[in-house]
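S.K.: Sequences and hints are given; from them, build the entire structure.
The residues making up each chain are set out below.
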Amino acid sequence: MENPEQLIRKGVHHDRLKEGTVKAVLGGLTWGVVLVALLIFGRICWDGAPAVLKSEFPFVDTDFLTAKTETLHVFDDAVGNRHSLPATEYHAWVEKEGSDAVFNEQTYSYSGGGIAGPIAGTALLTLLSIAMALFFGVAAAIYLSEYAKQGRFIGLVRLAILNLAGVPSIVFGLFGFAVFVLAAPVFTEAPSERSLLAIPLGFTWFSFQGWNSSLIAGAATLACMILPVIITASEESLKAVPQGFREASLAMGATRWQTIRKCVLPFALPGILTSSVLSLARAAGETAPIMFTVAVAAKDDLPWEGLSNPFGIFQTQVQALPYHIYTLAARIPSSEFTQRAQYGSVFVFLMMIFLFSALSIILRNRVRSKLKW
Amino acid sequence: MRNTIRFTAASLFAGAMLATNAGAQTISIKGSDTLGAKLVPQLAESFKSKNGGVKFEIAAEGSSTAFPALANGTAQIGMSSRKAKPEEITAARAKGIKLNEVEACHDMIVVIVNKSNPLKKLTKDQVAKIFTGQVKDWSEVGGAPGPISVYTRNTSSGTYKDWQTLAMKGRNYASGSQKLAGNEQIVQETAKNKNGIGYVGLAYAKSNGIHDVTVDGVQPVAANAKKYAYSRACYFYVPENADATTKAFIDYATGAEGQKIAQRLGFVPN
Amino acid sequence: MPDSPTSSSVPADHPFRRKGRGTDGLFKAFFAGNAGLTIVILVLIIAFLIREGAGFFPDYRRELELYRRSGLEFVDLSRKDLTAHEQMSSLLNRAYYAQVNASCRNEFQRSQEAAAIVNYLGEVVAPAQSALQRVLDRAGEEGVPEELQASLSAKYQALLADALAGRAGKGLPPTPHLSSAERAGLLADLKSRDPLSTDDPALVLALQEQLSARQDAAAQPLEDFRAAIDAFADASVALDNLVAESGDTVKAIKEAATLHEIETTKRATLLEAAAKAKKPEDKLQFEAEARAAVTTEAVDFAPALKPVLDRIPEFREANAALSAALAGAGDKLPKRLEDAKAQRYLATFRKGMDAYAIELADTNAALVAWRNDLPIGLGSTILGFVTGREWITGGEWQDFYGIIPLFTGSLLIAVIALALAIPLGVGAAIYTNQLAGRREQNFIKPTIEFLQAIPSVVLGFLGIAVLGTLLQETSMKDSLSWIPGFPIQERLNMFTAGCLLGLMAIPTIFTLSEDALNNVPSSFAEASDALGASKLQTIFRVVCPAAISGILAAVLLGLGRVIGETMVVLLVAGNRIEIPDFTEGLGVFFQPAHTLTGIIAQELGEVPFGSVHYRALFVVGILLFAIVLGINWTAQRMLHKFRIGHD
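Here the protein sequences line up with chains V, Y and X, keeping their order.
So the first sequence is numbered by the working numbering: it starts at 1 and just counts up by one.
So the second sequence is numbered by the working numbering: it starts at 1 and just counts up by one.
So the third sequence is numbered by the working numbering: it starts at 1 and just counts up by one.
Everything labelled a hint here was simulated from the structure, so no lab data went into it.
All values reported here derive from a predicted model rather than from experimental measurement.
Be a bit skeptical, because a hint or two may be false.
What the hints assert, rightly or not - DSBU-like mimics (lysine-lysine), calculated; alpha carbons at most 35 Å apart, straight line:
1) 96/V <-> 260/Y
2) 341/X <-> 129/Y
3) 129/Y <-> 477/X
4) 192/Y <-> 155/X
5) 55/Y <-> 95/Y
6) 98/Y <-> 477/X
7) 206/Y <-> 278/X
M.R.: Next up, the structure:
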């Protein structure tokens with residue numbers, strides 16, 4: 001507490017009451033915000049945790065995480081007992097008891113089973129998009145920090161990064177839809193009629209007709225969205241590597257690329273990866289860009305099931321957690337029977353995001369303490 | 001670095017492969033929310049329990065989404081709560097797909113109000129006036145005083161257009177109407193607003209917090225399907241050259257068992 | 001940034017050096033290419049937004065031209081009057097009923113309370129009741145198995161007992177306006193009611209009768225008023241019929257024209273398909289279909305429209321009837337109504353009379369002056385989009401694309417969000433940076449940053465599931481009814497959305513403001529202290545002004561985030577495409593609205609590619625892009641221009 005600034009200030013207090021009031025008001029506002037944040041978190045945990053956690057070992061109810069999404073059937077049997085069963089169990093039940101034994105049936109779409117599909121979809125989407133964004137982003141950052149000199153081009157690049165970072169996510173959705181879904185190039189036997197340009201290659205066509213709504217289109221859209229974040233963060237990590245490292249390497253006669261590869265990148269990598277975990281959270285959390293580029297509300301298969309070839313996974317549409325939550329929020333009523341699916345999904349989603357965020361903070365601190373020069 | 005390059009190559013290759021179709025036994029169904037929110041998922045689930053190995057993808061964003069998807073080959077079955085427009089049929093035909101129309105079931109559009117609303121009956125004229133915004137207060141149609149909140153489906157919905165033709169003589173909706181994504185949402189908002197009014201498919205009219213309204217003296221129950229003013233048919237659209245599984249599903253849906261499920265959910269069998 | 005490599009002693013033509021240089025050049029080009037990718041993406045975004053959106057104005061213009069040529073516009077001239085007339089009659093009707101019901105408030109409440117009890121009981125016992133009903137319906141001749149009947153009846157009785165004791169759900173509704181004897185009687189009645197009966201208990205019927213008797217009594221002295229309203233409302237019958245009839249005619253014209261256009265396109269597409277077809281039999285078939293495609297002739301608008309235009313005198317006559325009714329109404333209406341609400345409606349009617357009369361007169365001139373062959377300029381199409389007050393799509397009659405309702409929605413929500421986020425965000429930043437202790441800081445900062453990490457769709461979900469209902473129920477409290485707009489009618493409204501967006505903007509504003517405060521050189525504060533200023537003076541007179549550019553930039557960036565946010569407004573704002581009713585004062589914030597971002601998210605998935613509607617959504621996207629970019633750009637400028645005390 002004994003820092004000089006406060007020591008200096010100690011001597012002067014004109015109006016303690018006034019100061020106290022202002023401090024109380026501002027403090028009240030601040031703690032109000034903090035309280036709201038905690039309330040939100042508490043509410044989601046309170047209602048969502050029961051779907052995923054249980055009181056006995058191993059404390060995690062894996063059913064919710066590994067089962068597919070189904071319709072929930074709520075009904076009374078002949079003696080008046082209430083059942084709520086997901087579709088597969090329901091059909092087994094009906095098969096056994098006969099459909100005449102079902103009374104007062106109510107059905108809730110998407111509310112039974114678990115959220116394996118959305119989790120798998122989000123995982124794939126995020127990984128694919130972060131891989132693309134890292135590849136292009138780090139390369140761009142290397143250019144900015146290691147090669148570029150002040151000039152027109154670099155000015156333009158910085159302007160583009162700045163502007164890209166501010167583009168609303170729904171505009172990225174429009175962009176992804178117009179470019180990746182409708183206009184990106186593919187090789188095809190027969191170009192579709194919405195093709196912008198089809199170049200004959202003899203045995204096949206190179207046609208700008210888009211990738212349709214698919215995993216790769218969605219991932220590409222997300223990658224564009226997080227690219228500026230990755231570039232900025234990577235550039236910072238690269239610049240944090242002391243200049244002496246480069247000078248020493250260059251003085252030894254290494255080329256610029258050798259210097260970067262052996263003396264700069266290895267030291268910057270932890271920082272780059274840390275910041276990319278944070279963009280992972282952002283990519284996983286966005287809904288608007290994937291609404292039209294990849295997401296479907298219901299799908300029986302997990303993304304990798306039922307493919308005719310392993311690359312088919314890039315062409316499938318997938319469920320995604322944020323879109324699933326949107327569906328649960330907008331499409332089905334909230335009631336005691338849907339609460340498990342709704343709050344459970346939100347809880348899992350939030351935990352995922354926080355895990356990423358927390359991971360990035362921890363990594364950042366470790367990297368900082370480890371790499372000191 | 002080499003790995004990343006390989007990865008990019010793989011991605012590009014994957015992109016190139018996109019034009020070929022993946023997944024053999026997946027039936028993709030797109031279109032109407034009226035059919036797609038409850039009936040079709042349950043038909044599919046029940047069909048699956050009898051024929052293992054079939055997978056379904058169901059997207060219910062509104063009837064208008066069915067036809068582009070059919071034409072592009074991204075859906076095998078289209079659901080629609082209205083008849084296809086000629087230009088939609090032509091667009092598909094131009095891509096070499098001839099669409100067959102199959103009547104899925106009949107549906108009645110039911111006017112719903114909040115449970116606490118004492119109003120039990122309206123005339124067709126009053127309904128039209130409420131939805132076009134000529135009548136703004138419940139007291140004008142004999143209810144307890146309070147400004148009317150109108151909830152409608154959004155524009156892609158077949159119900160949105162059907163309602164315009166059936167109930168409003170083609171006039172525009174009141175500008176104060178709120179456009180919601182699905183039947184369930186209309187039910188929910190009406191249940192939360194004591195001055196709310198909305199329309200939903202018969203299957204949704206028995207939810208908590210709302211009650212239906214008798215129109216021109218006819219109660220909206222399945223038995224009155226012929227007399228009721230706002231009845232309509234719902235359709236499946238299937239390409240003529242659909243594969244056997246798709247056809248089997250359609251036969252199942254329109255057959256005795258499928259119609260039984262439809263009836264249980266509150267639709268009117270053919 | 002390192003300088004270019006210093007020249008080494010290795011000779012220029014040495015293979016090592018050449019090799020290094022060569023690949024190095026390649027690497028440099030590769031990295032530069034990747035850096036250029038950002039520019040490419042930005043250019044692609046702009047290019048494709050414009051490419052998809054650019055076609056909108058010509059297409060929309062063509063649609064508007066068809067709207068004019070087929071005479072829909074002509075009918076709309078009169079329809080506008082008709083709508084205005086309907087609004088005026090509705091005002092009178094509302095005034096009338098408000099006056100009638102004013103004296104029946106007690107009866108209304110009694111009746112509603114009784115009905116609420118019946119509803120509550122009905123809802124609780126519904127499962128058992130409907131099961132019983134179904135069993136009976138199915139039973140047929142052999143009757144219901146006794147065991148089943150007994151178990152269901154037992155269940156019914158159990159539920160009923162629960163309900164009567166108020167144990168189910170929220171408990172028995174209170175009945176402050178019913179005497180306790182009445183309440184007890186009602187409950188007893190319901191208890192002894194046959195499980196399958198849905199008849200209303202005697203008390204409910206009696207209360208309804210009382211209510212209608214009271215209403216009749218209240219209507220007695222207002223008979224003249226009623227007659228005046230009816231006379232006024234009936235005056236529109238002639239115009240109503242005319243508009244309906246000519247509406248059918250012009251709609252038929254438009255449909256014929258559209259059909260012909262469709263058929264022509266169909267022929268073109270089929271011919272194209274035929275040209276591309278590989279197999280000769282396919283080709284032949286496509287060609288045959290193409291020949292059969294066009295079955296109608298092009299519409300000749302002028303003669304088709306003649307029957308409608310010939311009726312102009314009739315239109316004018318009907319118009320005159322409206323004017324006469326309006327002029328007549330002024331005298332026949334009561335001077336004052338006792339009920340405040342009724343009087344307000346009446347006053348609004350009187351205020352609107354002049355404007356309506358002028359509108360009627362204008363229509364008379366417009367009807368004659370209207371021509372169906374006047375061209376529509378591109379400029380007026382664009383103006384119509386930018387200043388349009390209607391966004392009507394997927395309609396039977398005519399689609400209009402006007403941005404104003406969406407824009408006002410976005411703007412009002414942003415106002416609410418910022419009104420919350422600026423004091424909270426900036427206040428929290430000042431507190432945390434200047435007043436809080438180290439330990440407090442270490443708790444506050446991560447928690448607020450944690451807010452930033454919450455995905456918007458989660459906040460939207462909470463808005464629907466928790467906040468909307470919470471606000472609505474709070475607003476129902478009588479003690480809060482003085483707040484404008486309370487009680488809130490719509491659960492999903494701009495205020496709810498604004499609160500959540502405010503919550504999203506707080507971390508942005510907080511973090512950036514805190515940075516700005518942090519960046520103020522400590523010498524500023526030290527100098528101020530040395531001059532004897534108090535801590536508050538130092539904070540508010542020295543540190544904050546020095547950081548003001550950073551704080552303003554933070555607020556602007558927060559605004560950018562709020563305007564561009566999609567999921568929260570899509571889920572929570574209520575999706576009503578209408579310019580909010582500003583006459584309600586501050587209550588306007590509790591109305592639902594639609595936004596620029598919301599409309600794209602809601603409608604893009606469902607429009608056919610390349611249609612006017614599809615293109616309109618891209619134009620909205622361009623607008624959004626421009627607005628947000630403008631805001632961010634201003635913020636950046638502000639940061640750079642007014643930077644104080646930086647090395």
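S.K.: Of the hints given before, which are not true for this structure?
M.R.: 6 and 7
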